[in-house]
Every structure is written in C-alpha cells, then in structure tokens.
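Letter by letter, the sequence shown follows residues 36 to 320 in this note's numbering.
There may be inaccurate statements among the hints.
Listed next, the in silico DSS-like pairs over lysine-lysine satisfying Cα-Cα at most 25 Å (straight line) [said to hold, decoys possible]: (1) K314 with K248; (2) K188 with K163; (3) K248 with K292.
Just the calculated beta-carbon pair ranges, DEER-fashion [unchecked claim]: (4) D217 with A135: 19 to 29 Å; (5) A280 with L75: 48 to 58 Å; (6) R193 with C288: 39 to 49 Å; (7) T202 with A133: 17 to 27 Å; (8) A160 with R220: 24 to 34 Å; (9) Q150 with M276: 22 to 32 Å; (10) D217 with L75: 35 to 45 Å; (11) T201 with A222: 21 to 31 Å; (12) A317 with R220: 10 to 20 Å.
No lab work stands behind these hints, which were simulated from the structure alone. Beta carbons are placed, not taken as given, at the ideal position from N, Cα and C, and that holds for glycine.
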Amino acid sequence: MSGTAALSLGQMASLACTLEVCAPKPGNVHRGADFEDVTLQDFLASAISISTVFDQAHTLPLGQIILKSVEATSRVTQTNTNLGMILLLAPLAMGNDAEALQQEAVDAIVNSTAQDAADIYQAIAMAKPGGMQASTEHDIAGSAPPHILEAMKLAADRDTIARQYTTGFEDLFAKVVPLLTDESRLAMPLSHRIVHAHISLMAQMPDTLIARKNGDEMAQQSAVMAQRVIDAGPPMQEDYMQQLANLDFWLRCDGHKRNPGTTADMIAAGLLVCLRQKKLVAPFV
36 MSGTAALSLG QMASLACTLE VCAPKPGNVH RGADFEDVTL QDFLASAISI
86 STVFDQAHTL PLGQIILKSV EATSRVTQTN TNLGMILLLA PLAMGNDAEA
136 LQQEAVDAIV NSTAQDAADI YQAIAMAKPG GMQASTEHDI AGSAPPHILE
186 AMKLAADRDT IARQYTTGFE DLFAKVVPLL TDESRLAMPL SHRIVHAHIS
236 LMAQMPDTLI ARKNGDEMAQ QSAVMAQRVI DAGPPMQEDY MQQLANLDFW
286 LRCDGHKRNP GTTADMIAAG LLVCLRQKKL VAPFV
C-alpha cells in the first residue's frame, strides 16, 4: 500500500485523470484513438498540468482550485479536455479525512462563497465546454449567482456533474465507486475494469454530454447500446467484445458528437475517490 500512500494529492488527481483517459473506453479518446481536434497527448498534458494546483487543494478555496486548474490546462492545450473532471475533483480534493470524503466534498460546496461562484463561472467561460445551452437564469455568459448551487440546481436535470453538486455526489458514491471496486471484477486488469465500469455507468445513466449535443433520444439510445454490451456475456469475451465494438463504432459516428464525455468525467472522479480511500492501490495490475 505504500505506493499510493506516498502520492501527493496533486499526483492522485493527475493519476485519476491519466488512468481514465488511457483505458480504451468506447467513444472517447484513449491510447488507441484520437479525435480530429484533441489527442491523447492533450489529455495527458492536461492531467499533469493540474497536479500543482491540486497539491494546494487543502489551502485554496473551491473557486480558485477550479479556475487555476483551467488556467493551467489552457497553457498546454487549446481544447477543453478536463473541465468536467476539474469541477468534480476539486471538492473531492479539499477534505482532509479520506473516509469522510463525501461529506467533506458536500461541505466544501455548501461553504463556498460568491467569489467562488464568480471564479467557477470564469473557469467555465475560459474552458468553453461543448453543448452548453443558453439559460434565462444564471446563464454562463452572464453574471455568476451569489452561490454556485443556485446555478447547479437549474442545470441538475440536464447535467450529471451539476447533479453531483446538488445531491451530495450521490451518483458518484452510490454507483461509480462500487462499479470500480466490484469484487467480482478484481481479477481483471485495471484498464478493463475501468472500461467495464464506464459501459455500466452509460447503461445506468444516459450521458448528458450526448444529450446536450444530440438530444435526449440519442442519449437514451447510447444507454440501450451500452446495456447490450453488459448483457452480451462475461467482460472481454467474444460476444461482449463484438457488442463493445458496435457501441464504439456508433459513438464515433457524426464527427464524435456522440462521445460520452460526462461518463468519462464521472469515472475520473470515482478513480480519485478510490485512490484517496485506498480502494485502488499502486502498483496497478
């Protein structure tokens, strides 16, 4: 257990992002697939760039962690690679007690200030996330609300990340972490476990980035196709791999507009929780 215990908080944040992006998940950038406008190198550079910010997470306010991380990312890539990850990772990094991580993340959000909200709005505007729709209240192009939860509550029904802020990270701790630590899958290589968790989460929760870019019907279709992979049989066996290939091909159609990016962000956040709570320990197999 000494390997993971020796990692700094910033190294854990970077490692969580790196483990997530390197796993060959369907529809996303990974070690065997790039997009036209963003590559694996962009994601790896982004993961490394935020480490020094997250090493200060116990002393920085929430908004500054998020803004400084986006600024650091912008110095190594011109594409939004990790805004969703940063929004999730920041409150999870602020607490000192790893065993009380969920409550401490909730407290970090609840106790945030108007300045934190302004910094988060500035970070989102700088990152230019895809699929953002105009809103009549607390629009990202306008002024920040007095508290970030006001904006997150308005977006929670259409954005999984916003929903984590408003529900105390319920999906992350009740669904994602159990998927990543499923004892029946521990004999599988970590990369395969990450892929299986990603597909399982897609089946349970239609990806909201897909929904924002393509509509709810297509997001529901992505969940149906992910469930077909799960139902095909044991992970990494022939029938499973055939359905996985079908899902991957379908997700990559239409210029990668169907990429399940929010699911990937949730997996990265789950990996940070596992690293902090020593449910995932280096060296990895």
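Here is how each hint holds up against the structure:
| no. | hint | result |
| --- | --- | --- |
| 1 | K314 with K248 | 34 Å, violated |
| 2 | K188 with K163 | 20 Å, holds |
| 3 | K248 with K292 | 7 Å, holds |
| 4 | D217 with A135: 19 to 29 Å | 23 Å, holds |
| 5 | A280 with L75: 48 to 58 Å | 20 Å, violated |
| 6 | R193 with C288: 39 to 49 Å | 23 Å, violated |
| 7 | T202 with A133: 17 to 27 Å | 21 Å, holds |
| 8 | A160 with R220: 24 to 34 Å | 39 Å, violated |
| 9 | Q150 with M276: 22 to 32 Å | 49 Å, violated |
| 10 | D217 with L75: 35 to 45 Å | 26 Å, violated |
| 11 | T201 with A222: 21 to 31 Å | 37 Å, violated |
| 12 | A317 with R220: 10 to 20 Å | 18 Å, holds |
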